[in-house]
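There are 2 protein chains.
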Amino acid sequence: MFYRINMTDLTVTKADCPEYQGMGGRALSSRIVKTEVDPNEHPLGPGNRLAFVTGLLSGTGAPNAGRMSVGAKSPLTGTIKESNVGGAMGHKLGRLGISGIIVEGLPQSDVPYLMHVDKEGIKLMEAPQLKGLNIYDTVAKLHETYGKKAAIGCIGTAGERKMASACIGFTDMEGEPTRQAGRGGMGAVMGSKGLKALVVDDAGAPLVTFADEAAFRTAAKKLSKALLEHPVTSKALTTYGTAVLVNILNEAGALPTRNFSNGRFEGADKTGGETLEANCRERGGKTGHGCSPGCVIRCSQIYKGKDGEMITGGFEYETCWAFGADLGIDDLDQIAWMNRWCDDYGVDSIETGVAIGVAMEAGVLQWGDSAGVIELLHALGQGTPLGRIIGAGAAVTGQVYGVRHVPVVKKQAIPAYDPRAVKGVGVTYATTTMGADHTAGYSVTSNILGVGGKTDPLLKDGQVELSKNLQVATAFIDSTGLCLFVALAILDIPSGLEGIVEMCNARYGWNYSADDYMEIGRQVLRDERAFNEAAGVETDDLPEFFRQEALSPHEVVFDISREELKKAHEF
Amino acid sequence: MFYRINMTDLTVTKADCPEYQGMGGRALSSRIVKTEVDPNEHPLGPGNRLAFVTGLLSGTGAPNAGRMSVGAKSPLTGTIKESNVGGAMGHKLGRLGISGIIVEGLPQSDVPYLMHVDKEGIKLMEAPQLKGLNIYDTVAKLHETYGKKAAIGCIGTAGERKMASACIGFTDMEGEPTRQAGRGGMGAVMGSKGLKALVVDDAGAPLVTFADEAAFRTAAKKLSKALLEHPVTSKALTTYGTAVLVNILNEAGALPTRNFSNGRFEGADKTGGETLEANCRERGGKTGHGCSPGCVIRCSQIYKGKDGEMITGGFEYETCWAFGADLGIDDLDQIAWMNRWCDDYGVDSIETGVAIGVAMEAGVLQWGDSAGVIELLHALGQGTPLGRIIGAGAAVTGQVYGVRHVPVVKKQAIPAYDPRAVKGVGVTYATTTMGADHTAGYSVTSNILGVGGKTDPLLKDGQVELSKNLQVATAFIDSTGLCLFVALAILDIPSGLEGIVEMCNARYGWNYSADDYMEIGRQVLRDERAFNEAAGVETDDLPEFFRQEALSPHEVVFDISREELKKAHEF
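Line order of the protein sequences matches chains A and B. Everything in the first sequence is counted per the numbering used here, starting at 588 for the first residue and increasing by one. Everything in the second sequence is counted per the numbering used here, starting at 588 for the first residue and increasing by one.
Just so you know, these hints were derived from the structure itself, not from any lab. Note that beta-carbon positions come from the ideal geometry of N, C-alpha and C, so glycine has one too. Fair warning: there could be bad hints in the mix.
Claimed, not checked - Just so you have them, the derived chain A footprint on chain B, three or more residues with Cβ under 8 Å: (1) 749-762; (2) 840-849; (3) 965-979; (4) 1035-1045.
What the hints assert, rightly or not - Straight-line Cα separation of at most 30 Å, DSSO-like style, residue types lysine-lysine; simulated pairs: (5) A/K857 x A/K873; (6) B/K735 x B/K706; (7) B/K893 x B/K1041; (8) B/K1153 x A/K1153; (9) B/K718 x B/K706; (10) B/K1154 x A/K1153; (11) A/K857 x A/K728; (12) B/K857 x B/K893; (13) A/K1154 x B/K706.
Using the sequences and the accompanying hints, generate a full structural model.
This is the structure in structure tokens:
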């Protein structure tokens, strides 16, 4: 079931959308954008669409199937974009039988709107009381009216101001807004449409139906078993969260430090998962926290300060890095506050940290100045000119300050793995449709973690093939509603992938093979590339300085040629 | 004769560059950039080139042959770029027998350098005394050392700060820096290379040689005669300057007003050429001022305030518009000061005015707030965050403030002719290699002025063909060193074009036809498009709002489809 929400005439229309039947997640959100948005439309224009969609397995109770996809033409990159998010909403929308909510048009007034979704349908209502609130306050106010069981997605002032790095914050199972559809400025698109928040209440939703429920349960167990067996998904991530990667990447000489000028950070350990876990343990926080229903991996956490008050949650490796090594900051509590302010004002923490790193290179702040960074985040929250520069992302910050080391691809900030020293992920950054995005083909698996075989991260051999295969597989997984981290197990444990295939088949009565499902992934990439090409988006490459300047300690450059990169599209 | 200046090791090398022989102006600067610059190089990176080149007729004394071309990969657009400029330098470099000065590398210190050019060659020297000076002060300081007869080109603080809209200021025949290589951020490239100024002294230069001097003189007279006969080049421009167009475009309903939201401005007449001329006359200023040796048209002027002090010169239509109608300002003296500050800090007045118009739409200033605009220009001169946003150009300003009416193509601001109501120039904006640039194919000739035939500006018929032919012819004229305004005469008076053809032939001993010379123009466009394509630059189109929103008073949209626009490349 689909809903179309027109923000110009404030109509809500239920639709069957036969053209989108049998699709979910990224396959669906990208198809909606490709079909309905003129590639030359301004991302903040009336013709852009903002699609909230569920995955093929949403609402089924499948392990780790709590993710939803938010799609639009991105104001950050100008490309097609899907931003994938955990939290409580995906499962609830799935239970309500909703495949997609497609928001279109531009509002005629500047009163923000609230969309309420329950088993009766969708209601759009004025919400002047939410105007100018940041995300934590918005959620608190909505909890007063709708209770903590409702799932909430909303924007902060960054989204209201249409900052290109604005995210959409989503509540976790405790009702805290610790999850973000972070990348690509989906919050700015939501802000342009005058939509402040979605509230989803699945009380009384009918049971999800299955073509073969018994087969589904059996298949679900196969995936659960794989996740509980694999050391990465059952131990490393559960114990330390994704921040376990700080020390690992530092050891590998691939932790981008001080705006990608070094691969090692002397303060890495102080900002890594082991320190994070110890702080949580000592202060009454929590690790091993699941962000969405049915999560087996539980890589999230509640991070508290020395006084025992919660600072932040969903405190990821990429954030620990973006505000840590990339800025030369080694104080994890301060970094936790930076994450909190990003989540509260509503901006992508990766984009924001990298933008500040570029500004630091320009001399706006000194390396390591954590008080200055927090002041800058408040400036972003207030919408000062400097705050708006940072809020527009790393590429704009580089342009405004005349910096030439600007680590972006298609104007999106490169995250926490230096492409010179983790070459497989460098291929992904350069060639994915999404702009620099590690999750689009997470070659860190084989390059660093030794999952799914081992590829030397410093050599070019095999990296294009590795990235290509992962990009295809990821595009499929992103279409199911499953958390991408299931890949960490199924790359080593084939029965896990069988479980996914069999769950999809049992849910819908299909009889598809694993390769049939990979074809879904390939089609997603074709759709997205067609859109980007029509939008005239930049070439597939890394910024030139990664080819020109060697990274310490391994003294490596990115040496995979543009011609070789093109092979990533031959699938 | 060519010189290569390496700013890394501070070497000056004389070179023959056989691969560039027989080329001049834009054909030469674009060929240098295409040949020597990796399309993926960062515009502020070591591999970018900054080429100062003379035209085929520079130094010969041909009428209106005082222009030179400055080329680089643009930090504003990411495209190949040539910025064409008048003033005294082109002629002097031509007399010195210099075809091109190619600046490469990045400096190792932050001391600015001065390049001195005379008949002995080129000397590069430290110029710490110029650091942080703006353009008028830089010129004054250089006059103390080198006298007023030397031609100077230099950057202000905007160029030192590598602002993407930074221009290079050039002195006119009186030694005033009233001419700019304005568009595309050539000043930022110069700043990135640590080059503050060029000083060119042609004293004792040998006479320019001719294959057939008598034929050259005869041919030169043909062109002079055409320029002196045609009413546009002998009367309108000479009397009123280019600002004569303010009332004409307003009358045509094509004067973009308040960030392109209307085609008529109620204050047009107060900001137009007639008012400008009256002020010059009453205050002891000067119209009919030639900016470069041999200028017959003399469209420049010295504009003085009520107190009789010079405010500015080279006060063009596009500037009167960018700070006038586009911002809702109707005070010409205030606009003259805005031009002065742009020329002094060293930014393109078109880009800056349009960026401020976008900022006004976002509510940063009120429409018509001239005091606020001047304060904002000083903020730009001081490099405050808000000043840097504006200095980064209209596209960045739009992104920073979440504005969707951002009149740019390939990130360069659309100038003073609304493409909905002057459709021929709309085709040029969309399809030229240069980003939105009226001079690249000035269809205003036929659309508005009735020069070279008449095409209805409001209808799509014939516009693509018109723009295409003008783009080809312009690329050739830009290669000769002739001022583009010669086209205004030769489109109606065929003997003028014959004069150009015969001058080139007589100078070099060639025997080329007019169409052979047009082939030079076609090759320029091919070179430039090949570079842009390899650089992955955006598609050829106008911003979507020109297709979506009708312009008053004619209620027209831009209705030439993308498919039709592609035909502009079929030459």
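Hint by hint, here is what the structure shows:
1. 749-762: With 3 residues in contact (Cβ-Cβ under 8 Å with chain A), the coverage given for the region 749-762 of chain B holds.
2. 840-849: violated (count 0)
3. 965-979: As far as the region 965-979 of chain B goes, the hint holds, because 7 residues have Cβ atoms under 8 Å from chain A.
4. 1035-1045: With 0 residues close enough to chain A, the hint is violated.
5. A/K857 x A/K873: Given that 30 Å is the threshold and the Cα spacing comes to 18 Å, the pair holds.
6. B/K735 x B/K706: Holds - the C-alpha atoms of B/K706 and B/K735 are around 17 Å apart, at most 30 Å.
7. B/K893 x B/K1041: Not satisfied, since the Cα-Cα distance of roughly 40 Å exceeds 30 Å.
8. B/K1153 x A/K1153: At roughly 26 Å apart (the allowed maximum being 30 Å), A/K1153 and B/K1153 satisfy the hint.
9. B/K718 x B/K706: Judged against 30 Å, a Cα distance of about 27 Å means the pair holds.
10. B/K1154 x A/K1153: holds, 28 Å
11. A/K857 x A/K728: violated, 36 Å
12. B/K857 x B/K893: With a Cα-Cα distance of about 15 Å, the restraint between B/K857 and B/K893 holds, given a limit of 30 Å.
13. A/K1154 x B/K706: violated, 53 Å
Of the hints listed earlier, those the structure fails to meet are numbers 2, 4, 7, 11 and 13, in rising order.
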